[in-house]
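K.L.:
For reference, the chains in residue letters:
Protein chains: 2
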Amino acid sequence: MQKLKDKIITEGRVLSDTVLKVDSFLNHQVDPEFSVELGQELARRFAGDGVTKVFTVEASGIAVALTTALALKVPVVFAKKKRGTTQGKNSYSSNIYSFTRQESVDIHVNKKLIDAKDQVLIVDDFLAHGEALRGMAEIIEQAGAALVGVGIIIEKVFQGGGAALREKGVRVESLAPIVSLAGGKVEFAE
Amino acid sequence: MQKLKDKIITEGRVLSDTVLKVDSFLNHQVDPEFSVELGQELARRFAGDGVTKVFTVEASGIAVALTTALALKVPVVFAKKKRGTTQGKNSYSSNIYSFTRQESVDIHVNKKLIDAKDQVLIVDDFLAHGEALRGMAEIIEQAGAALVGVGIIIEKVFQGGGAALREKGVRVESLAPIVSLAGGKVEFAE
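Read top to bottom, the protein sequences are chains A and B.
The first sequence begins at 1 in our numbering and counts up one residue at a time.
The second sequence begins at 1001 in our numbering and counts up one residue at a time.
Simulated from the structure, these hints should not be mistaken for laboratory data.
Some clues are possibly wrong.
In silico DSSO-like cross-links for lysine-lysine, where the CA-CA straight-line distance does not exceed 30 Å [claimed, not checked]:
#1 Lys73(A) x Lys1073(B)
#2 Lys1081(B) x Lys81(A)
#3 Lys1003(B) x Lys21(A)
#4 Lys21(A) x Lys1007(B)
#5 Lys80(A) x Lys1007(B)
#6 Lys89(A) x Lys1073(B)
#7 Lys1080(B) x Lys3(A)
#8 Lys1112(B) x Lys21(A)
#9 Lys5(A) x Lys73(A)
#10 Lys111(A) x Lys1112(B)
#11 Lys21(A) x Lys1005(B)
#12 Lys1021(B) x Lys21(A)
#13 Lys1073(B) x Lys1117(B)
#14 Lys1005(B) x Lys73(A)
#15 Lys82(A) x Lys1007(B)
Each pair of labels, with its calculated beta carbon distance range [said to hold, decoys possible]:
#16 Gly1160(B) x Tyr97(A): 36 to 42 Å
#17 Glu1141(B) x Gln40(A): 36 to 42 Å
#18 Arg166(A) x Glu1141(B): 44 to 50 Å
#19 Ser1016(B) x Phe188(A): 49 to 55 Å
Glycine included, each C-beta is placed from N, C-alpha and C at the ideal position.
Please take these sequences and the hints and turn them into a complete structure.
P.N.:
Next up, the structure:
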């Protein structure tokens, strides 16, 4: 998506070979109309795939998950985060490791909100190592629901999370796949 | 807002005299079109007040803050949460107490995202004791910005946070003010 790539180049800040900050429009300040456009583009890529629910994890994925769900006319569910591991009888849960926070986090979803009839599209702002997505996929499996695919705004291809998902046969669509941040320069895959 | 009150009655679950769960449409699963309607209603109440930015704190306020910002055609900023107290030189921050999680949380915002020219509307899904709002108001003050008002979806009037803000002269608009949850029954103020 060219407009997104342009915005990353103009407003993004490369802090290291692995860290890109897009605070000004994606995950600290959000440009609502642009967020709607991002959601429409993700929805377009999964239109006709029978998505019944969009699924994300709090917090920074909520905005684009909401606009994608709005375009697909389905509800959006967001997994909640809790430190440590807890297994409630009313929730599906998974333990993931946050490389950013360097701690384990438990993500959980009330069992009422995803069931075996659901066809779920996972949406998130970033895909790096893929830990959050692995946890969400686990929850979808626990619910007996089907995973339609994964829609991502910015994929850091060089961190391997996307490749691992694709090898498992998961369809991953990224609006801005980045192959390198080396030398302070953003290099896109396509 | 009648449609919201109806949804609270139909879908909400009163778990105790102080706890109302609205997981199915507001803060775990979100109905995107209804979220747009809620945002439009909050925007209508603050139309013409010169709002330049909508402000919320992650995570559950993000959806309605986004739709309010969309209707007002301004950016939305969300404060990030961190455990403990940290004071970065690049951020405004405030320490708040979460009654739900029973722990202190530091909320912070990059200084670039709110400045002295901003007229800020705070939006959140719930207003109870008002701790999150107090923290956000502090950050707005640190930035030298003006607080236009506070837009809330569900206010638990009996927990006093709204009264404290109104006493300080802050305009608080709640789409569903609840005066009591006693006996498992939701009683609205109006």
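K.L.:
For the pair supplied as a hint, Lys5(A) and Lys73(A), is the alpha-carbon distance within the 30 Å limit?
P.N.:
holds (27 Å)
K.L.:
Are the Cα positions of Lys1073(B) and Lys1117(B) separated by 30 Å at most?
P.N.:
holds (17 Å)
K.L.:
Could you tell me whether the CB distance from Ser1016(B) to Phe188(A) stays inside 49 to 55 Å?
P.N.:
holds (52 Å)
K.L.:
Against the 30 Å threshold, does the CA-CA distance of Lys89(A) and Lys1073(B) hold or violate the hint?
P.N.:
violated (42 Å)
K.L.:
Does the hinted range 36 to 42 Å hold for Gly1160(B) and Tyr97(A) at CB?
P.N.:
At 40 Å between Cβs, range holds.
K.L.:
Go ahead and decide if the range 36 to 42 Å is satisfied by the Cβ distance of Glu1141(B) to Gln40(A).
P.N.:
holds (37 Å)
K.L.:
Below or equal to 30 Å on CA atoms is what counts here, so check Lys1003(B) against Lys21(A).
P.N.:
Between Lys1003(B) and Lys21(A) the Cα gap is close to 39 Å, so the pair fails against 30 Å, i.e. violated.
K.L.:
With a cut-off of 30 Å on the C-alpha distance, tell me whether Lys21(A) and Lys1005(B) pass.
P.N.:
violated (40 Å)
K.L.:
Take the C-alpha atoms of Lys82(A) and Lys1007(B), compute the straight-line distance between them, and say whether it is at most 30 Å.
P.N.:
holds (28 Å)
K.L.:
Are the Cα atoms of Lys1080(B) and Lys3(A) separated by 30 Å or less?
P.N.:
holds (26 Å)
K.L.:
Arg166(A) and Glu1141(B), beta-carbon distance inside 44 to 50 Å?
P.N.:
holds (48 Å)
K.L.:
Quickly compare the C-alpha distance for Lys1112(B) and Lys21(A) to 30 Å and report which way the hint goes.
P.N.:
holds (13 Å)
Going through the hint list in order, the structure does not satisfy hints 3, 4, 6, 10, 11 and 12.
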